[in-house]
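J.: One line per chain: the protein sequences are A and B, in this order. So that you can map any letter, position 125 of the first sequence is 125 in our numbering, and since no number is skipped, the others follow by simple counting. So that you can map any letter, position 136 of the second sequence is 1136 in our numbering, and since no number is skipped, the others follow by simple counting.
Keep in mind that the hints were calculated from the coordinates and are not lab data. Mixed in with the good hints there might be a few duds.
Computed cross-link-like contacts, DSSO-like style, restricted to lysine-lysine with a CA-CA straight-line distance of at most 27 Å [unchecked claim]:
| id | chain 1 | residue 1 | chain 2 | residue 2 |
| --- | --- | --- | --- | --- |
| 1 | B | Lys1027 | A | Lys188 |
| 2 | B | Lys1038 | A | Lys156 |
| 3 | B | Lys1026 | A | Lys158 |
| 4 | A | Lys163 | B | Lys1095 |
| 5 | B | Lys1148 | A | Lys187 |
In silico contact screen, one side only, chain A against chain B (beta carbon under 8 Å); selected entries [said to hold, decoys possible]:
| id | residue |
| --- | --- |
| 6 | Trp58 |
| 7 | His59 |
| 8 | Lys109 |
| 9 | Tyr125 |
| 10 | Arg155 |
| 11 | Ala227 |
| 12 | Thr293 |
| 13 | Ala294 |
Since we're looking at a predicted model, the values are computed, not measured. Each residue gets a CB set at the ideal place from its N, CA and C atoms; glycine is no exception.
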Amino acid sequence: MRFTKIAFITTSFLLLFSLLSTQHIHASEAGHDEHEAPTKAFKPGDMIISHIVDSYEWHIANIGHTHISVPLPVILYDKNQWHVFMSSKFKHGQEAYLGYEIAKEGAQKGKIVRFEADGTAVLPYDFSITKNVFAVFVSSFLLIVIFLSVAKSYRKTKKHAPKGFQSIAEVAILFVRDEIALATIGKKHYERFAPYLLTIFFFIFFNNLLGLIPVFPFGANITGNIAVTGVLSLFTFGMILISGNKNYWAHIFNTPGVPWWLKLPLPLMPIIELVGVVTKPFVLMIRLFANITAGHIIILGFISLIFVFGKTSLAAGYGMSVLSITMSVFLYFLELLVAFIQAYVFTLLSSIFLGMAVEEHHHEEHETHHS
Amino acid sequence: MELVNPGLGLIFWMIVVFSAVLFILKKFAWPSILQSLKDREQHIEEALHLADVTHEEMKKLKLDNEVLLKEAKEEREAIMNEARKIREKLIEDAKQKANAEADRIVESARVQIENERKAALMDIKNQIADISIEIAEKILREKLQTPKDHEQYIQRVIDSKQLN
């Protein structure tokens, strides 16, 4: 019973998603026809990018020529002055307000800029509650509410079997604790890092899943945003730097088992090791961002195919929609898997790096063998 | 480029929000969850261990019981044997004692009878002797009334002595 219900909900989401997409695309076509060059065709690339990047308003649908979107607050600090206003003042990016506007092209495309007299774009300090910020608020609120209630039920059930949602959470919690933290860090230190690892795992997993639900206030491409993944990997980086023990730093600056001339006078090994320290979190950032973004792009690409074919003939569009929707559904299931796998991989790698940072000294044996 | 151009605001809010999430969950959710899990695991571990120990003890107890039972049986057997032996010995002793007593009684009776008989015989002998002497006296008195008779008798006694 429950499974069929979930299946029903998923299907409805999928249908709604495709519906929203179609409306948006139709509308944007209409918009292009009206405001800009009338010959401009539907550009799948632009549509896809506009769906996966951050924005100052939460666009829901276009019906006819009316944009349906939720305006979000814009907070700017520029020239020693704070500006707070709703993003609806920009009229969906068409107009400027107080000298600020959303850049339509250039290096800062999509960001709020102020154009100087000579035409150069200047970025104000922009603390706006954008679509992604708002989505992070929502998902974090959910995450906190859910896990506080899970903690509460743990306090209630004590030493007895878990109940209800607690049972689902427990599977994941035990997975992170035993298969990730304990397996990679070891018995001695894993308890210290388990809370952090659990938090990043569920944060990423939640946002991955919520990013797949295409209705407001979900469906923002949070974990496919480089700023979000960057901050997450920054936390891991910070954790590594804070918890790195003497042995870890010795390994970087005075790598054991390496000929001295690789360290002096040119510190070749320390440089390589230091680069390694920085690349680890960098790779974490890129991997999560690229995987989630790629998934969204592929699904949107299949949806776009309908309209690309629909341009040539109506029949081709309808015909293509069958294939596209089938493929999208398939990819959605794949994305559900990816949502878990990427959360797992990010947490696992963070855990491995943390494990390396707190690893106990055990090179003495090798050294005596070498000498 | 839009895709890989992180927004300052998003980075700022993300740091704020994630720190808050991390702080709240680390403070209020994870400790009780992880502690409960640990407690429960320990509880289960202990329960299993206790079950094992109890099982082992039960086994031992059963074995002990069997041994005890066997020992008790053996002891009962031994006691029975002992009792039987004692009984037999008692009977034997009693028999022997009875026999001995009977023998002794018979013996003493015999001795007494013998004594009585000897005494009676002695008595009879004495009486016979007395009577004989009396008779002899009377006879002698009748025969030795003359001095010739005395001399004859004396001569005869002396002869008989010489003959001896």
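J.: Taking the hints in turn, state whether each one holds.
T.: Here is how each hint holds up against the structure:
Distance hint between B/Lys1027 and A/Lys188 is fulfilled; the C-alpha atoms sit about 21 Å from each other, no more than 27 Å. At roughly 15 Å between alpha-carbon atoms, B/Lys1038 and A/Lys156 fall within 27 Å of each other, so this suggested pair holds. Only pairs whose Cα atoms come within 27 Å are accepted, and B/Lys1026 paired with A/Lys158 is accepted, the gap being roughly 19 Å. Between A/Lys163 and B/Lys1095 the alpha-carbon distance is near 87 Å, which puts this suggested pair outside the 27 Å criterion.
Of the supplied pair hints, the one linking B/Lys1148 and A/Lys187 is violated, its CA atoms being roughly 159 Å apart against a limit of 27 Å. Restraint check, A/Trp58 versus chain B: the minimum CB separation of about 14 Å is more than 8 Å; hint violated. For A/His59, the interface hint is violated, since its Cβ never comes within 8 Å of a Cβ in chain B; the closest pair sits about 15 Å apart. The beta carbon of A/Lys109 is positioned within 8 Å of a beta carbon in chain B (closest approach about 5 Å), and the interface hint is therefore held.
With its C-beta approaching chain B no nearer than about 7 Å, A/Tyr125 sits inside the 8 Å limit, and its interface hint holds. Interface restraint check: A/Arg155 against chain B, minimum CB-CB distance 5 Å, threshold 8 Å, status holds. Evaluation of the A/Ala227 hint against chain B yields a held restraint, the C-beta minimum of about 4 Å falling below 8 Å. Against a cut-off of 8 Å between C-beta atoms, the interface hint on A/Thr293 holds, since the closest Cβ of chain B lies about 7 Å away.
For the restraint placing A/Ala294 at the interface with chain B, the shortest Cβ-Cβ distance is roughly 11 Å, beyond the 8 Å limit, so the hint is violated.
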